[in-house]
Structure formats: C-alpha cells, structure tokens
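Hints are included, so try docking the two chains, each in its own frame, into the full complex.
For reference, the chains in residue letters:
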Amino acid sequence: GAVVSQHPSWVICKSGTSVKIECRSLDFQATTMFWYRQFPKQSLMLMATSNEGSKATYEQGVEKDKFLINHASLTLSTLTVTSAHPEDSSFYICSAPQVGPRTDTQYFGPGTRLTVL
Amino acid sequence: QKEVEQDPGPLSVPEGAIVSLNCTYSNSAFQYFMWYRQYSRKGPELLMYTYSSGNKEDGRFTAQVDKSSKYISLFIRDSQPSDSATYLCAMSKGAQKLVFGQGTRLTINP
Chain A
308 GAVVSQHPSW
318 VICKSGTSVK
328 IECRSLDFQA
338 TTMFWYRQFP
348 KQSLMLMATS
358 NEGSKATYEQ
368 GVEKDKFLIN
378 HASLTLSTLT
388 VTSAHPEDSS
398 FYICSAPQVG
408 PRTDTQYFGP
418 GTRLTVL
Chain B
-19 QKEVEQDPGP
-9 LSVPEGAIVS
1 LNCTYSNSAF
11 QYFMWYRQYS
21 RKGPELLMYT
31 YSSGNKEDGR
41 FTAQVDKSSK
51 YISLFIRDSQ
61 PSDSATYLCA
71 MSKGAQKLVF
81 GQGTRLTINP
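These protein sequence lines are chains A and B, in that order.
Per our numbering, the very first residue in the first sequence carries number 308; after that it's consecutive.
Per our numbering, the very first residue in the second sequence carries number -19; after that it's consecutive.
Only true hints are included.
From the derived model, a few chain B residues whose C-beta atoms are all more than 10 Å from chain A: (1) V(-7); (2) G(-4); (3) A(-3); (4) V(-1); (5) N7; (6) E37; (7) G39; (8) T42.
Covered by chain B, according to a simulated footprint, are these stretches of chain A (three or more residues, beta-carbon under 8 Å): (9) 349 to 359; (10) 413 to 423.
I should point out that these hints are in silico values taken from the structure, not numbers from a laboratory.
In this text, a Cβ means the ideal position worked out from N, Cα and C, and glycines have one as well.
Okay, chain B solo, but in the shape it has when bound (with noise of 0.2 Å):
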C-alpha cells in the first residue's frame, strides 16, 4: 500500500463547476499538507498549505485536512480553463521530505 493515494483521474469538468480533489494516506505521522499545482512540462507550483487539521482558503481555493480520517481535500469553487492542470497533494513529517500522491490530471472544459 502506498503511504500517499491520490486517484490519478483524468478528471474532465465543465467551467464554472466546484472540483473536488482528494488524497489518503496511511501514516498518522504526517503534519504538513500540501496542495500544488503542475502544468504540462513544468515544475510543480505551491497551492495550499495546512498544518494539521483544518480548512484554509485562499481565493477560490480551499484546503481541508482531517487528520481522523487521514484525508486531504482541495476544492475549488468557480472553475476556470486556466487551472487545467495536474494537482499533487504532498505531505511530510516535518523532516522536510515531501511523499507526493500521484496527481490528479484536471481538464476544464469552456
């Protein structure tokens, strides 16, 4: 079992609808979350970042982590073209090694 699962999609959605993205994991030690952002043959871009449980939300961007749970969520609200892209969710312990998920491949569709 991967310690990160993360469903690699491809996810195809009309503009203007709420994406939902979502990861589990295994190992309770994680405490920093992460959500980025990767277009085609570029490196990966920093979304969201929680620390432990909770929401956050930035713009049309929200981070959920339940910890109880082991599951990470980003959505986001009035989808655009433009985010067309591939989202890593990513965790660590702390020690600054990130275990990525697989991505999720997301296509917007105008």
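Only chain A is shown next, with the shape it has when bound in the complex (with noise of 0.2 Å):
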C-alpha cells in the first residue's frame, strides 16, 4: 500500500509554544489530506481536510486560527499548533487519499504525539 509518514513522531513542548507536524506522501501525489486527533481509547476524529493551493476545510467546533493547516506540495502538508496548552495534547494523525474507479481509501501515517506541559 501507499507510504505516509509524519514527523516529528512524538513531541514535548512548554504551554504557549508552538508546534508543526509534517505529514509526507511519500510514493504518490496527494492533492488532499487529511488530519485527525485521537484522545486515548476512542476513535479518530476528522479535525480538517488538507487541500493543495488552497485554504483547508475545517470541521465543526476546530479553531482555525489555533490549527494551522498548510498543504505546500502534492506531497506535503503541515499542521501547527499555535500556543499549544495542555488539552491540545493527543495523538494527531494525517492521511492521504488514494481515489480511483471504485476507490476511495485512505492510507495514514504513523501519528505525532503531542505533550504539552
């Protein structure tokens, strides 16, 4: 299957700071990603889409502003947590779409842990 990865994998950083997470294509031009956050034991959730040369789409109740999305490339998109606190800490995950005839699935990468203290 299609490689993503994401870097940093995990991450400390002091309350107020802010953080970047890259998430990479690695073997396929992705026009589109995705990003998501994960709290422990529950399931992943949609936090905005990624969309090359233009402005992400956010999903309801996420503050633009505090998450800033930049999809640079087909290959790169960022995501930084601006004056990160403490509740910003989880997992945060990126995906990148494969689309074709009768395909529409989704490959993601390994997940950034974010610790704010």
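Spelled out as structure tokens, the structure:
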C-alpha cells in the first residue's frame, strides 16, 4: 500500500509555544490530505481537510486560527498547533487518499504524539 | 444516533479462534467500506477495503458488506496474538471523508 510519513513522531513542548507537524505522501501525490486527532481509547476525530493550493476546510468546532494547515506541495501538508496548551495534548494523525474508479481509500501516517506541559 | 456504530469491546479470545467484528451504519449513501487495524500509539493500517456489497477475502481476513442491512463484518480466522489491536471500521460516500466507528479492542490470548 501507499506510504505516508509524519514528523516528528513525538514532541513535548511548553505551554504557549507553537508546534509544527509534517505529513508527507512518499510514493504518490495527494491534492488532499486529512488531519485527525485521537484521544486515548477513542476513535479518530477529523479536524480538517488540507487542500493543495487553497485553504483548508475545518470541521465544526475546530479553531482554524489555532490549528494552522498549509498544503505546500502535492506531497506535503503541515499542521501547526499555535499557542499550545495542555488540553491540546493528543495523538495527531494525517492521512492521504488514493482515489480512482471504485477506489476511495485513505492511508494513514504513523501519528505524532504531542504533549504540552 | 451515530452514523456508524461499533461495539468498543474489549473482546478477548483464545489463540486460533475465529473472530467476528461488526459495524452498523445509518446512512445508505455510504459506498466504500474499510477496516483498519491500529496498534497502540501507531497510525491505523488499512486491512480490507470493499466497494458496495459483497465479500472480500485476503489471507486470514474476510470482509463482508450487506448494504440492505447496513451491516459490515470482519472475520479473522486462526487468530494470532499479533492480531491483538484495535480494529476500526470506516466508510465513505465517495467524497474521501471517512466516518469511523469507535473501534473494537481485541486481545488474542496465547
């Protein structure tokens, strides 16, 4: 299957700082990528859809000024958590879709564990 | 009511048993159905993918979709301790945005 990478795999930061997470599709191009967060023992919650060359689309309740998304190229999307607070501590996962005739699947990155002190 | 319902478990079975995991959904517009496996502190890994109704088999895994009943299943034969993970069902209408079930935590006991 397709490969999606994320960097860093984990990060610890102080409250009030900003953290950038990268998501790359390694062997295919993705005009769209998705960002999720996952709390312990819970399912994935879609935060936003990252669109190459245009603004991201945020899900209801997600602060666009806090979670900045930039889809810089067909293989790279970044999520910046600005002015992070302890309640932002979570597991952030990106995905990239592969779409074709009768195909609509997503491949996920390994995730980034963010801990805000 | 959630769009996708999945029993969170936990489910514990002995090694070698057949495991049955299920999801129900309410939106008849879903056409693409997926099962993901997620190990602790890792991203989800695509296991099975099915378009519309029918069965699909891949090694020890079989996925079934019954659109008339809005019910999907994943069967694991000859279960192994390495199959211990959380299994997430997911589905979409074709616009790429996935809707996930809550995930079922599965433990295979040696």
